[in-house]
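Protein chains: 2
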Amino acid sequence: MTKHLISLAAALALATPSIAQGDTETPPSPNEIVAQAQADEWVAIAPEDLLVMTLAPDAEGNERKVVIQLMPAPFSEAWTANIRTFARSGWYDDITVNRVQDNYVVQWGDANYDNPEAEGEPKGLPTGLLQTSEDQYTIGFKTLDALEDNSPGQDGSSQTKTGLGAPAGSDFNEDPGIHEKDPYAPWVQFWDGWPIGAEFEGENPPFWPVHCYGMVGVGRNYSPDAGTGAELYTVIGHAPRHLDRNIALVGRIVEGIEHLSSLPRGKGVLGFYEDESRRPPILTVRVASDLADAQKPRFEYLSTETESFARYANARANRSDPFFIYPTGGADICNIPVPIRRVAE
Amino acid sequence: MTKHLISLAAALALATPSIAQGDTETPPSPNEIVAQAQADEWVAIAPEDLLVMTLAPDAEGNERKVVIQLMPAPFSEAWTANIRTFARSGWYDDITVNRVQDNYVVQWGDANYDNPEAEGEPKGLPTGLLQTSEDQYTIGFKTLDALEDNSPGQDGSSQTKTGLGAPAGSDFNEDPGIHEKDPYAPWVQFWDGWPIGAEFEGENPPFWPVHCYGMVGVGRNYSPDAGTGAELYTVIGHAPRHLDRNIALVGRIVEGIEHLSSLPRGKGVLGFYEDESRRPPILTVRVASDLADAQKPRFEYLSTETESFARYANARANRSDPFFIYPTGGADICNIPVPIRRVAE
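Chains A and B, in that order, give the protein sequences. Following the working numbering, the numbering of the first sequence begins with 1 at its first residue and continues without gaps. Following the working numbering, the numbering of the second sequence begins with 346 at its first residue and continues without gaps.
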């Protein structure tokens with residue numbers, strides 16, 4: 001009965017690096033594997049793919065910034081282009097967080113939009129928005145394949161990206177077994193740092209991003225509407241994978257999700273705030289590449305086409321760091337979050 | 346671009362009953378199926394299995410109560426007995442929430458316990474605690490089987506509980522397919538209202554509860570320690586199923602989880618609060634059966650051995666209510682939360 005607080009800390013730790021230090025018999029934890037990854041296994045995120053969303057300060061006056069990484073082409077390109085248009089036109093400035101539903105989503109946008117109880121007028125939309133359509137929720141294999149053929153790897157070589165983690169020729173090819181056991185997709189894998197579902201039948205089988213914790217998606221009306229990007233949500237609970245292929249996913253939160261996930265839950269239907277004074281204001285949303293260098297956040301992710309990522313994924317699926325007594329021998333794709341870190345100035 | 350706010354409401358709704366009203370062609374949503382379940386498909390939760398945990402009021406003076414349902418025998422019996430002992434001796438009174446880690450857990454207990462930086466003395470333990478051991482993280486099939494043979498169903502008949510949902514002889518036997526595609530367990534199912542993993546090989550294969558959102562578990566030290574029940578946690582993120590069979594699960598939160606999941610995240614290692622004044626105080630924890638009738642909460646769950654539950658689970662796996670354009674054809678067990686509702690006085 002000793003070490004109780006530390007005990008649960010260890011019990012639930014994603015990593016306890018201090019414990020394994022000097023103990024060469026102990027397999028490294030997932031976080032230790034990430035910490036030991038080589039510098040060239042990390043990929044810088046383009047500033048054009050980062051959004052900085054600044055909420056009004058909290059009740060104690062603390063700053064609240066949320067950084068969102070947009071998905072790279074060819075996924076959801078019309079929506080990510082629109083999102084940059086909304087951000088650059090200032091359209092997102094002074095919108096609000098309107099909905100916080102426990103174990104589901106936080107949603108933000110123009111609270112006056114299509115709201116019969118709204119007292120204000122909805123904002124007019126910026127010019128230059130692209131048309132979106134639901135057939136863009138997935139990307140055909142041929143599109144991805146053509147992109148890979150033309151896209152050099154970090155070292156200038158062409159890399160194969162259709163497996164999980166380990167590049168061809170790697171010493172490490174253990175498979176954490178996420179492919180065969182996904183309840184929602186015939187195949188799941190990581191592609192350029194993102195969790196992706198796939199089919200492998202037919203002439204041009206579809207690939208699509210999946211709804212894991214922290215992923216960002218686009219609100220829409222009933223089909224065939226596919227949303228513009230004016231209204232966004234992020235996942236703050238167990239992965240609602242039934243939304244896959246039903247809504248456009250456009251990115252993920254890479255820093256500051258706690259400013260959204262710890263907001264008071266809305267008391268209205270579906271977690272909407274009934275009292276408009278409860279809606280947390282969003283002051284600005286900026287594309288990082290438009291910010292002055294000193295304000296520009298810099299992030300990198302662990303390439304999912306590296307040996308370190310493969311080892312990390314495998315360690316997540318077979319926990320053998322000191323706390324664990326039973327490695328489960330598998331993992332679902334949403335329990336293998338892609339490591340992302342802020343780069344110091 | 347009309348109906349934007351409502352659009353995402355519909356998009357992300359667990360149910361939109363108003364939409365389907367009068368439209369007999371539209372398949373019912375999961376929540377509509379639950380709403381239409383017969384009264385005798387619901388099972389009252391014994392007051393002996395309910396804990397009422399009262400946190401100090403929030404900054405605005407609002408009451409914060411969390412109701413926890415303890416697991417029934419034969420799962421985790423030593424820990425649930427201890428938890429009643431802790432509650433009845435008043436041991437939990439004036440403990441604190443000590444850790445809130447985003448997308449993982451909220452943890453509460455005696456902050457002075459095994460805390461080298463603590464200024465206060467740890468509480469002495471109550472008498473009468475049972476010994477726990479890690480071999481009790483699972484229950485052998487023979488134990489479950491014997492229990493079922495001796496346990497009458499609600500109508501006095503013996504029921505078979507080894508399938509998902511539909512009782513023998515039901516008109517509805519579609520399988521939502523959660524069995525074959527679980528990445529963590531050879532078999533998963535619902536048993537007496539709880540999500541359970543299982544093996545089916547060997548003389549006496551193990552069955553165990555699984556870590557879904559809102560499940561409550563017991564902090565422990567390194568193996569062979571298995572924890573007493575003094576320190577508890579609940580899941581507030583994507584199901585950390587790698588903890589299955591590694592820690593004792595003892596229950597789930599049936600009301601008020603938002604009072605824990607929306608707490609500010611701790612800024613220390615693993616989400617511990619570094620500043621002790623940040624720790625939300627827990628005023629009391631009471632077993633509901635010890636409360637006066639007027640204070641006694643009453644809850645019931647939809648029996649997982651009913652046709653309505655089978656239909657609900659299947660609808661969760663094959664969303665065909667109006668918003669959805671693509672039914673995924675599967676679900677993971679943590680995306681089929683067992684319906685639980687408060688019973689009016």
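Don't take every hint at face value.
[Said to hold, decoys possible] Per the computed footprint, the stretches of chain B lying under chain A, defined by three or more beta-carbons under 8 Å from a beta-carbon of chain A, are:
#1 388 to 395
#2 412 to 426
#3 602 to 609
#4 635 to 643
#5 657 to 671
#6 677 to 684
Keep in mind the hints are simulated off the structure, nothing from the lab. For glycine and all other residues, C-beta sits at the position ideal for the given N, C-alpha and C.
Okay, the hints, checked on the actual structure:
1. For the segment 388 to 395 of chain B, the assignment as covered by chain A is violated, since 0 residues bring a beta-carbon within under 8 Å of that chain's beta-carbons and 3 are needed.
2. Only residues whose beta carbon comes within less than 8 Å of a beta carbon in chain A count, and the segment 412 to 426 of chain B has 0; fewer than three means the coverage is violated.
3. Counting residues of the segment 602 to 609 of chain B whose beta carbon lies closer than 8 Å to any beta carbon of chain A gives 6, which meets the minimum of three for the stated coverage.
4. Proximity of the segment 635 to 643 of chain B to chain A, defined as three or more residues with a beta carbon under 8 Å from a beta carbon of that chain, is not established by the 0 residues found.
5. Only when three residues or more bring their CB closer than 8 Å to a CB of chain A does the claim for the segment 657 to 671 of chain B stand; here the count is 8, and the claim holds.
6. Chain A is given as covering the segment 677 to 684 of chain B, and this holds because 3 residues of the stretch bring a CB closer than 8 Å to a CB of that chain, at least three being needed.
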